[in-house]
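Enquirer: My request is simple: use the sequences and hints to build the entire structure.
Chains P and C, in that order, are what the protein sequence lines are.
At position 119 of the first sequence (counting the first as 1) the number is 119 in UniProt numbering, and the numbers step up by one without a gap.
At position 285 of the second sequence (counting the first as 1) the number is 285 in UniProt numbering, and the numbers step up by one without a gap.
I should point out that these hints are in silico values taken from the structure, not numbers from a laboratory.
Do not take every clue at face value.
Any copy will do: because identical chains look the same in the list, a pair fits if it lies in one copy or spans two.
[Claimed, not checked] With a Cα cut of at most 20 Å, we get these calculated SDA-like pairs of lysine to any residue:
{"hint": "1", "residue 1": "K265", "residue 2": "G301"}
{"hint": "2", "residue 1": "K265", "residue 2": "G279"}
{"hint": "3", "residue 1": "K265", "residue 2": "S250"}
{"hint": "4", "residue 1": "K265", "residue 2": "T293"}
{"hint": "5", "residue 1": "K265", "residue 2": "G119"}
{"hint": "6", "residue 1": "K265", "residue 2": "T196"}
Keep in mind the model is a prediction, meaning the values are calculated, not measured.
Number of protein chains: 2
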Amino acid sequence: MNRHDLALIGFGGVNRALAEIIHDRGEGLADELGFALRVVAITDLRLGSLMQSDGIDLGAVLGMADGATFAGLTGGVAVPQNDYVIRSTTADIVVEATFTNPVDGEPAVSHVRAALESGKSVTTTNKGPVALRGTELNRIADAQGVRFEYEGSVMSGTPVLRFASDALPGLRVSAVQGILNGTSNYVLGRMETGMTLADAVAEAQALGYAEADPTADIEGSDVQLKVVILANEILGADITTADVERRGISGITQEDIVEAAADGKRWKLIGTARRDDAGEVVATVEPVALPSTHPLAGISGPMNAVSFDTDLLGTVTVSGPGAGRMETAYALLSDIIAIDAHQRALAEATR
Amino acid sequence: MNRHDLALIGFGGVNRALAEIIHDRGEGLADELGFALRVVAITDLRLGSLMQSDGIDLGAVLGMADGATFAGLTGGVAVPQNDYVIRSTTADIVVEATFTNPVDGEPAVSHVRAALESGKSVTTTNKGPVALRGTELNRIADAQGVRFEYEGSVMSGTPVLRFASDALPGLRVSAVQGILNGTSNYVLGRMETGMTLADAVAEAQALGYAEADPTADIEGSDVQLKVVILANEILGADITTADVERRGISGITQEDIVEAAADGKRWKLIGTARRDDAGEVVATVEPVALPSTHPLAGISGPMNAVSFDTDLLGTVTVSGPGAGRMETAYALLSDIIAIDAHQRALAEATR
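Expert: In structure tokens, the structure reads:
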């Protein structure tokens, strides 16, 4: 049976959830997937670095005491030697799941670049490298004959990018439109029950939907990164965040909500990328009062959704979780499955 | 460039729309798809049969005067010799788009069987053969080394079956739940505005959503066929319509609608197939008052949707058109693309 060796860069919630899936499912997972998975390296800001080319005991790592580091394990040190580990690991797939840096994408961009340059495929859930350096990184992947996969960069494990590339063959997609941030969508929903924006944000924070600093969610910069990814990936654009006009929901008042409801409408924070008549891709993030019959109007709470406008089929929509530890770990697993399928197809073709 | 020759069985709205796509797009379509399409046979109850192994002039056929038959064309006769044409055509793909017979699936079942037995792949949008004889017909296809594809049997071109088989790798789907009939969904939506069931049905008929006899839509037997397909295709069951408990929307009153609305709920006609704790697939069609946060609650008007309950990703939903001439013709095109891809993969593997 074929096997993939993984290096996990960042061992927070998402990569930890992936390790749990691999550990808990054991050989059953390999039977289901048709290939085995083994983790041979882990790096983490707090835990340090761990390399074991014959496979790390994930049970031991997942059960480590609070405050312990990898220094206590064979092949482990207390400091995260990301670049060294990425370049020298025996892994064939690097799983990048560090934090998103919306300014320059670092250090994730460097992690992805180092992995691709050293001939390894990469899966990431990190919007930064994809939105800010996607073109460059895809070029390196192509030149190296490896894969760069990032389904989880938009809507966690809900297969939006793969839906567009695989499930709509023969269709021309003219626009992509989505509810791409669960926090702002939750807040707007709560405002519909009479809550103020500030109270709704506080509630979202208490529930763990919103960050301590909710600006990226409320002001639309999180959605902005995702719109860049959708525009470039699905409409074949080559835009950056600066090309996406952005307005968040902080200007939406109780009166706006009530007025829209009287018209049978709901305010939603909508990210859009659309090919205009001249063939240019125009991208925006802005609150829109949608009529209740709009495919995105019914997307409630922390759910996310993307609608695709097509020539022969009209509008088709995929909705599902946009966040969550296990949901995002599944995005990584689906990328690994895609990398494996691609390698198999290549092996068939060059036999 | 590879080419597929098609035999169109039934030349009503759907196959006519497919012929329009092929005719109107011309060589551009071949460039986009990577293979050419040619129609070499057409049969129709009213028009008769037409066979031209070097390709039928679709412009001439689409422009035929009302009341004319194929008898006036080279290779044409005024009677539909379906079985003869299906077995003797030089087409490699038979496109079955006759009417759905919910009792025994005929004559479509015989059409599909004849095509598969004579070594041709089949695409159909017809629920009858798939729901009532799917297991048998798939077995013949496998034995013959050809494909039997039927994406359009559930939600026209909206890719529900292919989403389940291709876009959710590594996930265990425990339940499938859908709004699978646009007419009943439209009627329920109109009842929410205060209309009676009878008036809403009459309006749906006037708009062309509902048939002259709306029983199959209103009493859920159309959904029942689709639930059988979803259960067998996605949950690996082997059930028939008799296994699907069915209740339509004719018992839903204005009071039910008002009462649900007061609770923030909406009545929807829901088709469900679910694997129970014992591993058995239980399937039902019934009206359900869904809370507004349910992924299917916001599906309005003639739209359709299917939700998939999965282990790692929770619930994911695909929504889109459930009917329409061009939308259903696209289902056929997407099946043809899948047949082509499968043949290519097979050719690669056996090189």
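Enquirer: State for each hint whether it applies.
Expert: Going down the list of hints, with the structure as the test:
1. With identical chains, the CA atoms of K265 and G301 are at most 20 Å apart both within one copy (16 Å) and between copies (16 Å).
2. Taking CA atoms no more than 20 Å apart as the test, K265 paired with G279 passes in neither setting, with 31 Å inside one copy and 42 Å between copies.
3. In this assembly of identical chains, the alpha carbons of K265 and S250 lie at most 20 Å apart only when taken from the same copy (18 Å versus 29 Å across copies).
4. Proximity of K265 to T293 under the C-alpha cut-off of 20 Å is found in both arrangements, the shortest distances being 9 Å within a copy and 16 Å between copies.
5. In this assembly of identical chains, K265 and G119 lie within 20 Å of each other by CA distance neither inside one copy nor across copies; the values are 51 Å within and 54 Å between.
6. In the homo-oligomer, the alpha carbons of K265 and T196 lie at most 20 Å apart inside one protomer (18 Å), although the nearest pairing across protomers, at 24 Å, exceeds that limit.
Violation of the numbered hints given earlier is confined to hints 2, 5; the remaining hints are satisfied by the structure.
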